[in-house]
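Chemist: This is what each chain is made of:
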Amino acid sequence: MAFWRRNSHVEKERHVKANARDYNDKFSYADNHIKTSKYNVFTFLPINLFEQFQRVANAYFVVLLILQIIPEISSLSWFTTIVPLVLVLAITAVKDATDDYFRHKSDQQVNNRQSQVLIRGSLQNEKWMNVRVGDIIKLENNQFVAADILLLCSSEPYGLCYIETADLDGETNLKVRQALTITSDLGDITKLMDFDGEVICEPPNNKLDKFTGTLFWRDNKYPLDNEKMLLRGCVLRNTEWCFGLVIFAGLQTKLMQNCGKTSFKRTSIDKLMNTLVLWIFAFLICMGVILAIGNTIWESQIGRNFQVFLPWNEFQRSAVFSGFLTFWSYIIILNTVVPISLYVSVEVLRLGHSYFINWDRKMYYSQTDTAAEARTTTLNEELGQVEFIFSDKTGTLTQNIMVFSKCSINGKTFGDIYNEYDQKVEITEKTACVDFSFNPLCDRRFKFYDSNLVEAIKLEDLAVQEFFRLLALCHTVMPEEKSEGNLVYQAQSPDEGALVTAARNFGFVFRARTPETITLCEMGRAVTYQLLAILDFNNVRKRMSVIVRNPEGQIKLYSKGADTIIFDRLDPSNEDLMYTTSEHLNEFAGEGLRTLALAYKDLDEDDFDVWMKKLLFASTVIENREEQLAVLYEEIEQGLKLLGATAIEDKLQEGVPETIACLSLADIKIWVLTGDKLETAMNIGYSCNMLRDDMNEVFVISSHTVQEVQQQLRSAKEHILGLSRVSSTGDVEKTNMFAVDSVFEETIIAEYALVINGHSLAHALEPQLEHVLLDLACLCKTVICCRVTPLQKAQVVELVKRHKGAVTLAIGDGANDVSMIKTAHIGVGISGQEGMQAVLASDYSFAQFRYLQRLLLVHGRWSYFRMCNFLCYFFYKNFAFTLVHFWYGFFCGFSAQDVNDQNSLRYPCLYKPGQQNLLFNKRQFFLCTLQGIGTSFLLFFIPYGAFSVMVKEDGSHFSDQQTFAVTIATSLVIVVSVQIGLDKHYWTAVNHLFIWGSLTVYFAILFAMQSNGIFGIFPSNFPFIGTARNCLSEKSVWLVILLTTVVCVVPGLVVSFLRADLFPTLTDKVRHLQQLRKREGPQEQNLRRVRRTSSRRSAYAFSHQQGFGELITSGKNMRMNTVPSVSSPGRTPHSSTWIENVLKRKNEVSCANDESTGGPENSDIAKQTPKQQHTD
Amino acid sequence: MGKAKVKSGPLARRPDNSAFKQQRLPAWSPMLTANTVLPFFYFMALICMLLGVWLLLTVQSTQEMKLDYTEAGSCNLCYIKRQNASNAAQSCTCSVMFSIQKAFKGDVFFYYGLKNFHQNLRRYMDSRDDGQMVGRKRNLKNPSSYCQPFDKDQTGVPIAPCGAVANSIFNDSFTLSYHQPGSYRVRIPLLRRGITWYTDENVKFRNPKTENLTLAEVFKDTARPLYWQKPVYELDPDDPTNNGFINEDLIIWMREAAFPNFKKLYGVLNRADEVFAKGLPAGNYTIDINYNFPVQYFRGRKEVVLTTLTWFGGQNHFLPVAYLVTSSLILLLAVVLTVIWWKFGKAGKNMQE
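For the record, the sequence lines run as chains A and B.
Quick note: the first sequence uses UniProt numbering, first residue 1, plus one each step.
Quick note: the second sequence uses UniProt numbering, first residue 1, plus one each step.
Hints listed in this document are in silico derivations from the structure and should not be mistaken for laboratory results.
It should be emphasised that the depicted structure is a prediction, and the values quoted were computed from it without experimental measurement.
Among the hints, a few may not be true.
[Unchecked claim] Partial selection, computed: residues in chain B whose CB lies under 7 Å from chain A: (1) 11; (2) 32; (3) 35; (4) 130; (5) 134; (6) 137; (7) 197; (8) 199; (9) 208; (10) 253; (11) 260; (12) 326; (13) 328; (14) 332; (15) 335; (16) 344.
[As the list claims (entries may be wrong)] Taking lysine-lysine and the DSS-like style, the derived pairs with C-alpha atoms no more than 30 Å apart in a straight line are: (17) 102(B) / 95(A); (18) 1035(A) / 102(B); (19) 66(B) / 1035(A); (20) 362(A) / 21(B).
[As the list claims (entries may be wrong)] Some chain A residues close to chain B (C-beta under 8 Å, calculated; not the full set): (21) 325; (22) 356; (23) 370; (24) 371; (25) 937; (26) 940; (27) 942; (28) 961; (29) 1019; (30) 1029; (31) 1052; (32) 1060.
Where is the CB? At the ideal position from N, CA and C, for every residue including glycine.
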């Protein structure tokens, strides 16, 4: 992107000519080489150092270092700073270099993928990075698309090809793309060689669902839209090969334009620390100034007189200058307030936490053998402060697997299993599956637990047979039998696939279809049905039907659809069954299943003929054709007989509703951002318990203009605010519909949800509306954004990040989540699946959504608590110690695992202090500092008082500076050790080891540094020889230390006792309970189970697109034989126009062109029915 | 942790199930409850009280006598004389009388004290060469640059011992005598050896290796510090082993005081004499002072201190008083806390959710 921006001119229009590299080179379009790495060998050092010195601390230490090099003011030797500084810089640099190396490697791997390019008349293997705009490339089945290309032709008839766009929008169902008619027969290299069309189109942009351009070829203009484009990141499916013209390459492809920028992530504690370092620096300067002024006064008043013993240096002639030098010396001495060890310790602490995350068995998923991984080690404590979670849907919340789980046939439910006492048994991994071995064609992955249904099938229950026959007949699935008995279904939506697979396993195997027939294998017996009509699905009808003639010659209509729609069209005689089924449907819906009602109807031969004629007539009408067809469909789909209902489970990942409930108890807001359709997204919202029936209102924002969006957002907001205003003023008049009580209650528990689609979001994210959107979204308990592009996901995250100042976490599994993962404060990738892009871009990765709960509530909380305690303690210790000017360097930062992990999960409210940033903020910092200053004061003045008159037991002189130093240092170590002991809530062996260990190490080092041996070697550097021995053998010294410790610790103890006793935090309460429980003995308490109470019924129909019905009946997507032919002469060329109509309608893109469709063939729609096609 | 097993199979990447890695280490989790904190406070108050009382009683039994002799008695003349730097070479002696009301029992220690003398100035403290003082020949010839400007004299000869600390050594000397009732003055014997730390005398300060030469020959190529009247190898004319860098007065001076007002040990009463076997009897005393050290430059004062000791050092009222104050404060706090607890927080009232 950067490369492209460097070009001075902004591209307004793109001109691409096929097979003309020279022509295209003029425009200097980006090539297909991508670069996500940050450095190369030469730029690494400068750029990396520049980045590192942006950290205030690093810059601060460099300034210190420079000061220390000046001999006149150097009070500590310069290597005390440079060694740790260089170490810190080096470690960070090595880490950055390794990260970048992997980025280089992955870039290289992508850039070196092979693709076939048409160069000088032949197909040549080229690396991806050498593909250029204007090249014609060949793609084969299951290959990734190398760049954004214009589809020219494919192995399939009519230039159709199928793609999977999981990396772009997360949807895994197949999508159809079709080449222009005029180019679709170019399928041979010589013809392609001669192709010299020129495309003029929009400049590179990030809109995934929009493309406008024009192809100029042979003096004709052909409009181009998104339906003719294959975008980089898609995978070619079910298509032997296809050719395409590269339009956008490399960084200008829509996929790359959707990639967010990699930014350097820092935690809020880091930022706070930066601020604090600046404050401390200011504080140091104040102290330095005070001391320097003091020095100046002293020198001019007293030091002047002292010159006999201590003459001034030549540069000390003026007292002011001496003061100035003193100032810098003190700055250096006092720099221990922010020792570089703080940064090293913080990093070590974080590294430790990262390892604990990696080691956690409860975040290990055994099925895919993936453990959780902390890929960045710098963000751990931020996990304890998350307020917003942005989640992808497919693959993250759901498994993207549809499972036929229950059904109701003729008033009897199947699917639940009961034990001998007639109690429902929960289905687990261990529950025995039904044995489908009687059926050689069954799908082995299909699992069903209720054996009654198989019994019913075996008993040849008519209703059951008819039920499955319907499932096997009424759909638009394409079968593919790769070898005998090895059936693969290509379904347009996973729901359909699930239903057909269910029928297959219960003995009604859908084996093959032609435009006029459907062949089933019913209980081992091949039966061929004549397909008379498909009454396809659309969003208004919410049902689909097929009309077939069975071998016995009966004509039957099979229909499936949303329950309300089907129930309206039932024969009155079915009323009883309808009520029973309706109850069952409620039950299914309550479990979050997607339901569908099934019905059939026997048709009278004569009636059907009449109807068929009307249909044929209607389909030739030019005006209002759609409406007329709808009326006709309506006419025949009456008086249906109910067969039953199916329940499909859109399999959620394990434990998703529980996790979401738990996280929302911790006041974490979860927003779902998905590329999926509105209805699917809402469905999942219901099954995850994010949307509920008892919510006051679910606002759905779905409009296409700014004004409409604004209107909808405003009114929704007013609705929420209006209600609460009404209730707060107690205005009864306006709310006479409710009792006053209930209104009052409503304001307390008022729950709203917002569902917004991609188009509206694009408008809502504009600067003038984003505030309205944000306000509204934050008033709602649940926010679902659907049909959003990857970049929009990032924009939403960015919006919240910028305006709410809250910590955000994004979780996703696919390439379409990468930009959002990069944008959020914390990015989490779901690992263990095929695509790795999300994981590579993420900061943490694990296999299951439910681990998020543990990551945040346990690890995040602990990390945050530990980090805060550590920082408080560190600043306390440093202030205590620096202000008495002495140095001790041993301290270990293990503290505070206050509440155990089970309780962390059981009381999600414990998470809230992190979000409110309660544990380490400026106030806390001041308190710590104050405590530190107080301690330092006592630490200095108690020994001072004692020492001014003290002598040794043997009378020898004692109040010397070295003894004083050792006494203070020892008291300090003991005081801070006692303090940490009191602050610590949790003593494990490790804590004991470190506390006692650090005391031991202190004394060991003290004695070692003051031993005879080391003095013998370096007499000038270790002048403290023997001080410790002489000092610590004195009883009076220990009396002083005891007194100091008591006096320093008591105030803190009083405060924390009062706080714990009078204003216990939730943490204290939980700890209290924890202890009580421990005393009572272990009782495992189950996590509260989340009960779904939804009664909303959801049919797959809601989430279904208008199907392939027309494609099937017209036979356009059928291959006559297994070997695909380049062109099928038997097909009528004009019928392709019809497919365009389908595509057009499906995507609501109006192509105002007639040139390509060639006018007179409008009546092709008539070919919807097979009869007409035959007569054609 | 544990053995490095090469794992394979389907669960190859499963983390180890060790208590440490799973953060399940058994832990003791104490809480600040009234049951633990309040008794602890009372207990601490009691302990401090007992210690304070004990220390106070002990301190009461000690005796101390301080005498500022800067301008006292005949020293007034010397004080004036020393104001003029040109008289530095001339000696001046004076004497001061004092009396002791109550006998000093046991060991009696004799200190000299200085007020307003900043031995704790950083530049002053650094102005020494520990390498030279430990007898390194190299440092003897080439004193450390820290000693500037007291590292070499005008002719460039290295000074031993170098630096401002050694240069400003306290050079008054004292003779203490007791007016025995009805008799003549008895000179009080003082032990002037063994008054330093063992480590200082034997490790930190060493003379350069003599190798059959006399001490004077070893120090041949060095100059005495500017303000000294005698070279370092003639500091103690009476005891040849107390000369050079291991002279105890020098060692004591070199151990820099932490505060501007300090006292340093001069000698201990030698109780071998029958008169002083039990300490110093009550009566009149005279100190004869060889008055050399000028203090008027820095408005300082000089004093001598006679004191007896306890098991925790000299007469030190600070510790017992501090303990007693602390004890009463803790007691007060404990009572207040008890009241608060009784009224507001009893029986975990606030612990209920």
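Chemist: For every hint, state whether the structure bears it out.
Modeler: Results for each hint:
Nearest Cβ of chain A to the Cβ of residue 11(B): about 6 Å, under the 7 Å cut. The hint holds. Residue-level restraint check for residue 32(B) holds (minimum Cβ-Cβ distance to chain A is 5 Å; threshold 7 Å). Taking 7 Å as the C-beta contact cut-off toward chain A, the hint placing residue 35(B) at the interface is violated, the least distance being around 11 Å. Annotation: interface hint on residue 130(B) holds; nearest CB of chain A at approximately 5 Å, less than 7 Å.
With 7 Å as the threshold, the beta carbon of residue 134(B) comes within range of chain A, its nearest partner Cβ sitting at about 5 Å, so the hint holds. The interface hint given for residue 137(B) is broken, as the beta carbon of that residue sits about 13 Å from the closest beta carbon of chain A, more than 7 Å. Taken as an interface hint, residue 197(B) checks out: its beta carbon lies about 5 Å from the nearest beta carbon of chain A, inside 7 Å. The beta carbon of residue 199(B) comes within 3 Å of a beta carbon in chain A, closer than 7 Å, and the hint placing it at the interface holds.
Checking residue 208(B) against chain A by beta carbon gives a least distance of about 13 Å; that is not within 7 Å, so the hint is violated. A cut of 7 Å between beta carbons decides the hint on residue 253(B): the least distance to chain A is about 10 Å, and the hint is violated. At a threshold of 7 Å, the smallest CB-CB gap from residue 260(B) to chain A is about 9 Å, leaving the interface hint violated. Interface hint at residue 326(B): satisfied, since its Cβ lies 6 Å from the closest Cβ of chain A, which is below the 7 Å cut-off.
Taken as an interface hint, residue 328(B) does not check out: its beta carbon lies about 12 Å from the nearest beta carbon of chain A, beyond 7 Å. Given hint, residue 332(B) at the interface with chain A, is violated; its Cβ is 11 Å from that chain's nearest Cβ, farther than 7 Å. The interface hint given for residue 335(B) is broken, as the beta carbon of that residue sits about 12 Å from the closest beta carbon of chain A, more than 7 Å. Hint status for residue 344(B): holds, given a least beta-carbon distance of 6 Å to chain A, under 7 Å.
For the suggested pair residue 102(B) and residue 95(A), the alpha carbons sit about 77 Å apart, so the restraint of at most 30 Å is broken. At roughly 28 Å between alpha-carbon atoms, residue 1035(A) and residue 102(B) fall within 30 Å of each other, so this suggested pair holds. Restraint check for residue 66(B) and residue 1035(A): satisfied, since their Cα atoms lie roughly 25 Å apart, inside the 30 Å limit. The hinted pair formed by residue 362(A) and residue 21(B) meets the criterion: a straight-line CA distance of about 11 Å does not exceed 30 Å.
Interface hint status for residue 325(A): violated, as the beta-carbon distance to the closest one in chain B is roughly 11 Å, over 8 Å. The closest approach between the C-beta of residue 356(A) and any C-beta of chain B is roughly 6 Å, which is under the 8 Å cut-off, so the hint is satisfied. Against a cut-off of 8 Å between C-beta atoms, the interface hint on residue 370(A) holds, since the closest Cβ of chain B lies about 7 Å away. Residue-level restraint check for residue 371(A) holds (minimum Cβ-Cβ distance to chain B is 5 Å; threshold 8 Å).
At a threshold of 8 Å, the smallest CB-CB gap from residue 937(A) to chain B is about 14 Å, leaving the interface hint violated. A cut of 8 Å between beta carbons decides the hint on residue 940(A): the least distance to chain B is about 11 Å, and the hint is violated. Of the supplied interface hints, the one on residue 942(A) holds, with its beta-carbon coming within about 7 Å of a beta-carbon of chain B, less than 8 Å. Below 8 Å, beta-carbon pairs count as interface contacts, and residue 961(A) has one with chain B at about 4 Å; its hint therefore holds.
Because the closest C-beta pair between residue 1019(A) and chain B is about 5 Å apart, less than 8 Å, the hint holds. Among the interface hints, the one on residue 1029(A) holds; its C-beta lies about 7 Å from the nearest C-beta in chain B, closer than the 8 Å criterion. Given hint, residue 1052(A) at the interface with chain B, is violated; its Cβ is 11 Å from that chain's nearest Cβ, farther than 8 Å. Taking 8 Å as the C-beta contact cut-off toward chain B, the hint placing residue 1060(A) at the interface holds, the least distance being around 5 Å.
When each numbered hint is compared with the structure, violations occur for hints 3, 6, 9, 10, 11, 13, 14, 15, 17, 21, 25, 26, 31.
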